[in-house]
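Q: Listed here are the chains, written in short residue letters.
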Amino acid sequence: MCLALPARVTALLPDDMAVVALGGVSKEISLALVDDVAEGDYVIVHVGYALSKIDPDEAAKTLALFAEMSTAPE
Amino acid sequence: MTLQRKGPSIDFVHGRVDLTHGGGGRAMAQLVEELFVAAFDNDMLRQRNDQASFTVEAGRMVMTTDGYVISPMFFPGGDIGSLAVHGTVNDVAMAGAVPIALSASFILEEGLLLADLQRIVRSMAEASREAGVPIVTGDTKVVEKGKGDGVFISTTGIGRVPVGLDISGDKARPGDVILISGTMGDHGVAVMSQRESLGFETTLLSDSAALHGLVAAMVAAVPSIHCLRDPTRGGLATTLNELATQSGVGMMIREDAIPVRAEVRGACELLGLDPLYVANEGKLIAIVPAEEAERLLAVMRAHPLGADAAIIGRVVADDHHFVQMETSFGGNRVVDWLAGEQLPRIC
Amino acid sequence: MKYIDEFRDGQLARHIAASIVAEASPARGYALMEFCGGHTHAISRYGIEDLLPANVRMIHGPGCPVCVLPIGRVDNAISIAQQPGVILCTYGDLLRVPGSKRLSLLKAKAAGADVRMVYSAGDSLTIARDNPDRQVVFFAIGFETTTPPTALVIKQARALGLTNFSVFCNHVLTPAAITNILESPEVRELGTVPLDGFIGPAHVSTVIGSQPYEYFAEEYQKPVVIAGFEPLDVLQAILMLVRQLNEGRFEVENEFSRAVTRDGNRKAQAVVAEVFELRRVFEWRGLGMVPYSALCIKEAFADWDAERRFAVETVSVPDIKACECGTILRGLKKPVDCRLFGTVCTPESPMGSCMVSAEGACAAYWTYGRFRQSSQTPTKASS
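Residue numbers (the numbering used here), protein chains in the order written: chain W, 1 to 74; chain S, 1 to 347; chain C, 1 to 383.
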């Protein structure tokens, strides 16, 4: 129960709204449930609302973890 | 013989369709004359009979008909009018046939803006001219407000199959190669972007196009093509399942081989849709004996409407008639029929 | 697409899977439940079970709010939609769910009810503002991910002083469902839970944080790994669970650290607490009555509560006898164990909650997995 996508904030709008882009498609969504979002940030969007920001450092760490795990013997 | 009494010219700027336009009287005759005949203009229409009459060369004929009810009427890359021409020309072409002529029947809702109707009709005329397939006869009816979604168009097309072709949905055989002519899902996403409730923006255009030129090039080079079909409603997945069932075979396709534009992927992710099930209106699937596949691919790529053509899989023997797909992940999954209409989801 | 494509890399997937194969001890089985419907979908769509060793088994939990919505509540929504002047707004997922007498919102629409699909709760508010002479009702469902948007919309309705807007609230809670699974009758019989660990939901956790799962890990001594939504996240989480089980640990680990923190989204939690309160008990399809598992609208916002406005009375409508959804949702049976699966019960004519939505265990299995049951795999020709 989570069709939520990471999308990039391309523009901030008044009234806690923003435009996000995903693969070349853009959509207006609400930022009312998150704080401190800037242009260029990635947010997780669910039914037209941003639920959280993606932490780029943690994302990089997770990807690195996959790669690390992947050196396990086959 | 000239008209004895000429009323005021039709107001295409502010006017609306009303019940007199379907009444069979002067108002209707005027609409037909000033809009339809003027736009579609050809010898047969100029005869002004209730039927078009012409001679055809002896041979195998095909006939097809389709209704167009799309909403919204206007979308990026096309409208209900151009779609009505392309769709029916394509159905004729999928038999390998050369389209000869179209008929067009309109059911107009009382209150429809004449400006919109004119725009649609002119778009049809242009599509017809570009395709070289004339609209030779037609009909107009008007229904009361609330009983029609603006306009419904029905087009019927006829064509002639060149000698030596035997293209049919039941001709796919194990070992055949499956090709598609380009990117999947463009039309459906372009239309969905216009639906306010979904509210997303894209520069994507519908791929609506007449494919008979591409088909002519294909059958000329490779007359042994087994199947042709355009993946319209229900998308690639549904059409492949149709062909698999009709031919009594299975199919094995590769997800990585299917070209999908980034915007289509993005929109589908956003809405929870699968591009494999999204409609196309300017693409075709071809199934051909393996030894001809590369040659056919080259011919398709050489044509502007087939520039992104790709080989996507093979026909296999399978009593269950499953269409299976090797995912980009390396696993295998079944690509099933669409259960009803694909709806955007939250889950 | 950034943060999506990298997490779907097939090659990395095979490597992680190889680690799972290497580290899963052949001396035991690993029964892991993925709670979230989105995870069920990812597992099916990417064929993740194909990559796992035979002794690591995935059990599909009740994390699909469409699936667990009782028939009686669907009937209520249909009745509301059938009232004159009402516009019922609903997410797409709910349109085809059959209620009693084989009716659905889609069928009610065909018969004349004004039912409209919306992508977002905010859209229903817009419809209410555009149609001041109609009563607009938003059919709200979902776990903690979807609840904050509904809360916001109710607050907005109050701020705007709208008198023609209300919400039919069916929001449910994840921890309560997990407790219910861990305390099922079979547990009392067997004295043990036939589950070894949980993959925690991705986006629910961005809202509630990882903290609420600490109770389960400790109380029931089962490891929980919160996983992101992409297939690599799921595989990684499975590996992490296998490792915890091998090492005898039962902790809450967060694989989805790029979006989930221990506290979660406090702002969203606050807005939910302002508008909603706990129902003492709520029926879950397949699970029966579950205490403190669902939300209703607080008295302060009573004017926007459709249950009060339309005097909704919910009748409990049982599933047909042979339906095994209850046991499937608790991980005790598989779809193929149900007599109705694939015969009477298919996605076109769903009999129970597991088939009703694309995320349900039976629907997912039907769409992606049933061909594996077929007697022969078709000849694979390379392309």
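Worth flagging that the hints you see were computed from the coordinates, not collected in a lab. Hints may be right or wrong, so weigh each one.
Said to hold, decoys possible - Pulled from the structure, derived: some chain S residues nowhere near chain C, Cβ distances all over 12 Å:
| no. | residue |
| --- | --- |
| 1 | L45 |
| 2 | R265 |
| 3 | E326 |
To be verified - Not close to chain C: a few residues of chain W, all C-beta gaps over 10 Å, as computed:
| no. | residue |
| --- | --- |
| 4 | P6 |
| 5 | T10 |
| 6 | L33 |
Said to hold, decoys possible - For lysine-lysine, the following DSBU-like pairs were computed, each having C-alpha atoms within a straight-line distance of at most 35 Å:
| no. | chain 1 | residue 1 | chain 2 | residue 2 |
| --- | --- | --- | --- | --- |
| 7 | S | K145 | C | K109 |
| 8 | W | K61 | C | K109 |
| 9 | C | K334 | C | K101 |
Remember, it's a predicted structure, so these values are computed and weren't measured experimentally. A virtual CB, placed ideally from N, CA and C, is assigned to each residue, including glycine.
Q: Hint by hint, note whether the structure agrees.
A: Comparing the hints with the structure gives:
At roughly 39 Å, the least C-beta separation between S/L45 and chain C is larger than 12 Å, which holds for a residue marked as non-interface. A Cβ of chain C approaches the Cβ of S/R265 within 12 Å, the least distance being about 7 Å, so the stated non-interface status is violated. Its beta-carbon lying about 9 Å from the closest one in chain C, S/E326 breaks the requirement of being farther than 12 Å from that chain. With a cut of 10 Å on Cβ distances, W/P6 falls inside the contact zone with chain C, its closest approach being about 4 Å.
Separation of W/T10 from chain C is adequate, the least Cβ-Cβ distance of about 13 Å exceeding the 10 Å criterion. Not every CB of chain C is more than 10 Å from the CB of W/L33 (nearest about 5 Å), against its label as outside the interface. Between S/K145 and C/K109 the alpha-carbon distance is near 20 Å, which keeps this suggested pair within the 35 Å criterion. Restraint check for W/K61 and C/K109: the C-alpha separation of about 49 Å exceeds 35 Å, so the hint is violated.
Our distance criterion of 35 Å between C-alpha atoms is met by C/K334 and C/K101, whose separation comes to about 27 Å.
Checked against the numbered hints above, the structure violates hints 2, 3, 4, 6 and 8; every other hint is satisfied.
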